[in-house]
Every structure is written in structure tokens, then in C-alpha cells.
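Asks: Work out the full structure, taking the sequences as your base and the hints as a guide.
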Amino acid sequence: MTSPALNALESGTGGAGRDSATTPEPSHSPDLLDLLDLFGDPFVRDPYPWLDRLRSESPVHYDPATGLWLVSRHQDIRRVLLDTERFLPDNAQHAVTPLPVSVLRVLARAGFTLPPALANNGTPSHLGLRRVVTRFFNAQRVQAAVPMIDAVADELLDGARGQLESTGGCDLFPSFAQVLPCRVLMELLGVQGIAPATLIRWSDAALELFWGRNPLQRQLEPAALVADFHQWLTGTVRSGTAPAESFIGALARHRLPDGRPLDVETAVAACFFVLIAGQSTTGQLIATVLRRALAEPGMWARLAGEEGLAEAWVEEILRREPPVTTWRRVTAQATRLGGVRLPARAPLLLMLMGSGSDPEIFPEPERMCLHRPNVRHHLAFGAGRHRCPGASLARTEAAVALRAAARGLPHIQPATGVAEPPMLDLLSFRAPLKLVVERMPLCSSSCGHQGC
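Numbering-wise, the sequence shown is residues 3 to 454 according to this note's numbering.
Hints are not guaranteed to be accurate.
Here are the simulated distance ranges between beta carbons [as the list claims (entries may be wrong)]:
id : residue 1 : residue 2 : range
1  : Arg409    : Pro66     : 46 to 54 Å
2  : Gln415    : Arg240    : 28 to 36 Å
3  : Pro365    : Pro299    : 17 to 25 Å
4  : Gly261    : Ala393    : 24 to 32 Å
By construction, these hints were calculated from the structure, which means they are not laboratory data. Beta carbons: idealized from backbone N, C-alpha and C, even for Gly.
Replies: Right, dumping it as C-alpha cells:
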């Protein structure tokens, strides 16, 4: 998860602003692509036909509705992510929809500012800040945290099981998928003095405000929550009371390349990014992993006992249906990409979700293929200098959550007679917002067991 610097918002262009330097002359494009709406229900519900068409017919495609160049082929996306000289991260956290003056006032009154720190930082300070983050998410720490993750999962599933027993149904998204990664992150980073539910609410608001396309009346509410979040972070960082072994304590000790201590504003920006990215997107991943596993014939019964199956399923979901569906870059200079000439400062939207279904890389991409040999070639976590530092934690949490749910709730199924769940419809994030399950009916034979 991410968010913009206030000075970028004040320009009135947001992350997808259009100007004469980047807007191409109108030209004819395939009929289906003329109808493309990245926020529309047809794309949100089933993006694959659109992504396939983009990849095959217009792999670097100008979208007039957003002012973004959509890049959809795996090889082109990987090139952009690895070439940090030609393709800059400067716009990675800009607001997608220009924020009106009334919303900017709400943020300004809170002293909201997020200078480059991590995802949007192309300066020499990035590497050192990234090292601070990766120390909390390295493979050794993640492996050591597995018993804790398992214990939190079992505790949350006890609550879900009680609800199933009393009402016959339960929504595993708010009760399990969202809460688990938040509590785990708070434990790993030493975050204190805030309730998980509050952090989740703040994170959701930031995603909606900076990656959504909402009318003014819908923007003011999340803006107020984001302002509260930023003020709490600023007060916590300034107080100097965070434990030395915590993430905020590590930032307080950090020195910039010139030897100066890290300023408060950049420390807050790093916390803002990590506290949202480290739990919101993982909650979205867990929700998708659970939903698809429950819908796959025979899968749920195998997950609790078959070694490596949960990990393999998570990896295929990351390839085919990642929670972070797109990411942004901007050209540093005029260049060519996928046979298309791009001007300087052209904003790009990298279709990460589409890259995982590129048949040039993944044969039969629509098929969920467990233990696919090259599955880790997907770009769900990015690549290169800005690859997600929490990738190991996200993978581990999703696999532990899936295995624990299959073990703790063996006799559940997707609730019958329930409409398709609402989907998170943001530019760069997609996941089901509900995961309603029910107990399997009792066997009609004399055994009286469930799900025979």
C-alpha cells in the first residue's frame, strides 16, 4: 500500500494527470479497448479478457480516461521495473484521482506530507531505508514468526467457529483474512498504542482515497481518517518513546547517506507505507487464496495434511490473481517500449496482474497448475530495486492462514444463495470484500457426518 506526497496532490493532476507532453494524438484502437474502463464493473469483475486483448493487440496502450500508458506484456513490465534510470518511481504514490481543494484542506490541516521514502523513492536514501525494512522481514525472522502466526490464526478461527456454530454462517474476510496480517505486522514491528481495527480502518481509507475514483462526498470521509493516521504516526515518531527494537526505534537510529539523522517527515512516510502495505495487501491476498481454494473441487480437504500444497496454491494465486494488480512508473526521458515511442514524463501503469497470464511465459495461464515449474517468474511483488521487501512474509502468512483455516474449519463451503462478493475496485488493488461461508449440510445417509 502506498500514498502520495502532498505537493504532488496540489498540482491538481494526481498520478494520472494529462498534459500536452504525454497525450498522444487520437487514433483508432480496437473496439473492445475503446470501452475499457479500469474502474468499471466489467473490468473489475473479470479483467482477463481485457488484459489478454491489451497484451496481444496493444501491449503499450494509451488510456485517455486516466492519461496512463498501460503496459501489459511480462517482458516489457520486467524491463521497466529493472531499468531505474529510464523509468522512475516518482509517481508510484500519487493520487490517481485529482483531489479537490476541500480534501486537500483536510490533509493540510493535519500537516500531511509524505516525502520520498520507499516505493516512490529514486534517490540515494532509498537503499538505506530499504535495509531497515528488510531487517524486520528477512527469511530468518519470518520463519521464526511462524508459530506466532499459527497461534493468531487459530485464535481468530475459534471466533469464526463459534459464529458458524451459533448462526450457521460467517464472513471470513473481516473476522480472519483482514485481522491476521494486521496483528502479525504489529507484533513483528513492535507497534503499540493502537487497536488493530483502527489501523485496518486507516489503511482502507488511504487505499480508497489515493487509488479510488470517488465523488467529492465520498472522498472527505477517508481524507479525515488518513489525516488522523498521519497525525498519530507523527506524534508517535516525534515522541521518541518507541522501543529501541521496534521499527520506529530503528528508523530513529537510521542515518542518511550524508550522515544526518532521518527527519521525522521521512520516517513517518516510511511508517505510512509499511503499516499499510504490510497488512492491507496481505489481507487481500489471504481473502483471494481462501475464496479460490474453497471453490476448487477437492482442494479444501487436502490442504490441512498435504505438505507444500498451501504454498503451491498461494504461488499460483499470486501469479494469476495478485492483490496488487498494477503499479506506476514515469519515463525519465523519451524512450521506446514495446515498439511504442513514449515522451519524457509519460506516466506508465504496469499491469502486473496481466503479466502473470502472459502465455509467452506461463503456458495455459488460465489453468491453476500446482507446482508450475517457473511460477516464481511472476511479478506480483515487482522486481529489482523496489521489489516488495515483505514478499516472504506475505507468502508465509497466506500459506499458514490457508492451512490453518482448512484444518480448523474442515466442513465449510461457500455460502449458497449469496451473490458474488463485492470486489475492491481500486486502480492497483483487487480482492473480494466478503468471504461468506457456511457449514456443509449433514450427509443424507445414516452416518450423520458433514460433507460426506
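Asks: Under the constraints set out in the numbered hints, which ones does this structure not fulfil?
Replies: 2
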